[in-house]
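Asks: Residue numbers (our numbering), protein chains in the order written: chain Y, 164 to 604; chain P, 102 to 481; chain G, 7 to 174.
Keep in mind that the hints are not guaranteed to be accurate.
[Claimed, not checked] Examples of chain G residues lying across from chain P (beta carbon under 7 Å, computed):
id : residue
1  : P9
2  : D61
3  : W112
4  : P149
Derived by calculation from the structure, the hints in this document are not laboratory data.
Since we're looking at a predicted model, the values are computed, not measured.
All residues carry an ideal CB built from backbone N, CA and C; glycine is no exception.
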Amino acid sequence: MGHLIPPSILPYVLPVVYGVVIVAVLPLMAGYIVLLERKVMADMQARLGPMRVGPHGLLQPIADAVKLLLKEDIIPEKADKLMFWVAPLVSVTMALLAYSAMPFGPAFQIADLNVGLLFILAVSSLGIYGIVLGGWASNSHYSLLGALRSAAQLVSYETAAGLGLVSALLLAGSLSLKDIVQAQYDQGEWFVFSVPIGFFIYLVGSIAETNRAPFDLPEAESELVAGYMTEYSGFRWSLYFLAEYANMIIVAGIATTLFLGGWLRPFPRFADHLPGTSVEIMDAIPGLVFLGVAAYCFWLAPKQPVKIQKIVMATVGGLCLALAGAMAAALFAPEGVRQGVYGGFWFLVKVMAYLYAFLWIRFTFPRYRFDQLMRLGWRFLIPLALVNLIAVATARVASEEWGWYPRITMILATIFTLAVALWLASRDQKHEPATETAGGD
Amino acid sequence: MTDTRTSGLSNVETTVLGADEIILNMGPQHPSTHGVLRVKLKLDGERVVDSECIIGYLHRGVEKIAEHRSYQQFAPYVDRMDYVAAVSNGLGYCEAVEKLLGAEAPPRARVVRTILTELQRIASHLLWLGTHALDIGALTPVFYCFREREEILKIFEKYCGARLTTHAFRIGGLQYETYDGFESDVKRFCEDFTHRIDEYETLLTENRIWVGRTKGVGILSAADAIALGVTGPVLRASGVKWDLRKAMPYAAYADYQFDIPTRPTGDTYDRYIVRMEEMRQSQRICLQAIENIPAGAIMAKVGKVLKPPPGEVYHSIEAPKGELGYYIVSDGTTQAYRVRVRPPSFINLQAFDRMARGSLVADVVAIIGTIDIVLGEVDR
Amino acid sequence: MAPVPLDNEFVERLKVKFGNAIREATLDRKQAIVNVEAMRLREISRYCRDEEKFDMLVDLTAVDWPNREKRFDVIVILYSFQKNERVRLKTHLGDGELVPSLCEVWPAANWLERECFDMFGIVFEGHPNLKRILLPEEWEGHPLRKDYDILKQDTAWVRENLGIESGQ
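Using the sequences provided together with the hints, build the complete structure.
Replies: Okay, here's the thing in structure tokens:
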């Protein structure tokens with residue numbers, strides 16, 4: 164293959180291919196995450212969710228995309244046309260740009276920047292411009308207010324989330340995402356077990372950063388001030404929507420890379436082999452997982468009431484079987500391919516788990532009011548993040564300079580931060596100002 | 102005719118707005134106002150300085166219609182006022198006319214009426230809980246509440262054929278006997294319901310965000326509540342322990358044990374707790390009643406043509422929304438001379454201004470929800 | 007079943023305090039009704055609230071008897087938490103006469119009086135905001151009067167806003 168491509172552009176081929184794959188696949192993936200959200204929401208609400216369009220609603224995202232593309236493009240009369248056009252583009256571009264530094268596997272990364280994390284955070288922050296421009300360009304009092312509120316929320320929680328990330332960075336020692344995963348491999352455990360509070364802070368911060376419930380007041384339907392997206396319809400609106408879900412995946416990707424071990428499997432250093440083979444036991448897990456899912460599908464298939472559903476269930480089972488086969492085949496593939504396949508599998512599993520947590524939280528909790536939201540960010544999360552940072556830094560110094568046992572220092576740091584968290588939380592409740600009492604008659 | 106208008110929100114053209122004040126209109130069509138309610142808010146930044154409720158979008162002239170229908174013919178109209186709790190409306194009306202006639206429903210009818218009314222109270226509170234939680238942002242409880250409500254509506258459907266506007270009772274008693282399996286259905290529902298309501302409590306009562314959104318919001322003091330004529334769970338949450346089922350018992354309530362939940366502060370959280378507890382008490386009444394439904398006739402001897410002696414009567418019951426009263430004037434003919442419905446939602450909604458002043462805009466939706474209004478009853 | 011005259015201590019006290027303003031007291035179906043003079047309704051209500059502890063205004067409504075000289079009955083239903091009793095105050099009012107508003111005594115009267123005004127055309131003197139509540143402001147006519155029939159609904163408001171042509 165190498166001799167077909169001139170050497171001067173060889174280094175650019177794979178990144179471009181990856182880029183094209185990501186840009187092509189991502190909107191589809193975001194669409195299917197929307198479908199997944201609707202199905203999970205339905206499951207938690209004791210109902211079925213989309214069922215009509217395609218078997219089990221599987222073609223729903225396609226139908227939605229077609230509908231949105233065919234919708235009339237309405238622009239408010241007095242809106243600033245250029246900004247109106249540019250704003251969603253800014254949001255989407257920044258969201259997609261952040262994927263360029265995201266490692267989906269040991270080899271699947273467009274660019275391994277040595278400041279990868281910083282790049283992703285910076286680019287995500289630029290996405291806020293898209294929101295503010297959109298709110299302003301709509302020429303509506305309430306859209307602007309909603310956009311400004313959204314921007315304020317994003318900025319505040321980005322600070323907290325960033326501080327949470329830094330506490331993991333202290334353990335990693337590098338901003339390059341690949342190195343961070345490597346550090347987790349070297350230290351033998353995912354950072355979530357070392358700095359759980361940092362993970363928690365990042366979780367809350369990332370939910371607020373992506374405008375998800377319980378922090379979705381700026382875009383809630385039952386609130387008076389409609390959000391920045393009100394005046395957008397059809398394709399422009401779908402760009403904003405795409406940006407939001409792409410942001411969710413980015414944030415899940417960062418959390419996975421920094422805290423959940425990236426593409427590493429659980430117990431990454433546990434290299435015991437199956438007796439008599441060169442196959443590592445832990446590497447057999449992906450294949451077994453798919454085998455299990457396939458078995459479950461085949462067991463459910465005859466129980467379906469309608470014939471078409473039986474066929475669909477059997478097909479899904481067959482698909483899982485095929486994937487299990489692929490995973491098993493990868494066991495005997497060359498090192499690079501095997502790492503790539505399994506790395507991709509684990510990365511995907513963790514990202515999905517993180518996103519499931521997002522969905523779960525969305526449908527469980529009511530919404531925070533805006534002032535409560537800001538209070539939570541500034542009076543609880545940021546102080547906690549700072550304390551966490553100091554505690555982790557102290558723990559590192561203690562273990563490196565003074566030779567204390569690293570695990571003990573981290574546990575002590577966690578306990579201290581937890582105590583501070585409880586104190587902050589209790590203090591918050593007392594300071595919540597009651598509404599002004601109505602005076603007299 | 103003297104025209105004593107003040108410069109409040111009542112007259113928009115002459116309203117004097119301060120430098121930072123805007124008027125925000127929550128129009129009749131809005132996902133959160135339950136029904137067609139229009140609220141005009143005068144805001145100073147985020148705080149509500151003044152408010153005005155504009156109602157009447159669902160006014161159908163029920164009281165005028167009553168003057169041209171016979172007493173029995175008017176009974177189905179009554180269901181359509183508070184359409185969420187139709188059985189209670191029917192109970193109030195039938196009992197008022199029975200008082201006018203001097204008749205009394207037989208014991209069996211009274212007990213079955215009690216059971217159905219308490220089931221209706223649970224159904225009404227479930228709908229309130231689901232929609233109120235939805236307004237505040239909790240997307241899931243509404244589905245669970247409707248699932249429970251579905252069971253109750255199935256019982257109603259098996260009993261009288263209708264789920265929502267049931268016309269379950271007749272003047273003098275009941276038309277239909279309880280169906281086979283009525284007792285077991287009600288018993289099964291009540292037993293299931295205990296752990297369901299525990300589920301809702303787990304989801305919401307201790308939830309930090311829920312408490313944050315509802316505590317301290319829309320406070321109504323006991324003195325204000327009494328002065329504004331507020332009744333029902335809103336009054337009880339403000340600290341006044343008063344329930345018509347205990348104060349002036351009707352139907353078979355005097356025979357059963359139940360508590361009246363009250364709470365001290367009168368904020369949204371307290372009203373939530375009171376209604377949850379009321380659901381538990383309703384379930385308790387149902388279980389007691391279902392143990393021992395007396396045998397006997399279900400209809401008193403009131404004759405086919407009702408001509409109450411001339412006079413007037415006021416009779417009220419404790420509907421899920423508050424005190425639902427009927428003031429009926431008879432002139433001796435088959436048609437009522439005047440039927441006045443004392444609508445609890447209408448009078449409770451007056452307290453909205455008192456509750457909303459000084460609160461934030463985001464809380465207005467919670468306050469409207471917590472009063473638990475049904476526009477059919479507000480406007481009639 | 008016919009109304010019987012009522013003469014208990016409560017009525018006695020009222021008569022002592024207000025004399026001729028208390029016209030008649032009856033008991034109909036075991037419910038107390040006290041007929042009072044219109045102009046003194048506010049005083050009597052205030053007395054009932056403060057001295058007699060009827061602290062809640064349950065309802066305020068009207069009935070139209072067109073064949074009578076004073077065609078309207080304004081009904082005020084009060085309730086006392088302490089005594090667990092209700093009492094009904096009734097006044098007779100002619101068309102065009104004023105009756106004092108009870109808004110100062112109970113804020114609950116605000117909307118109730120507006121509804122009476124809307125439906126009957128009874129004007130409550132001293133009401134802070136006496137305008138229509140259930141019907142649109144430009145509506146003509148007062149529907150719950152006995153001489154209001156369906157032909158009277160053919161108003162300008164209906165023609166303009168609902169687009170229904172007049173059939174008359």
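Asks: Enumerate the violated hints, using their earlier numbering and listing them in ascending order.
Replies: none
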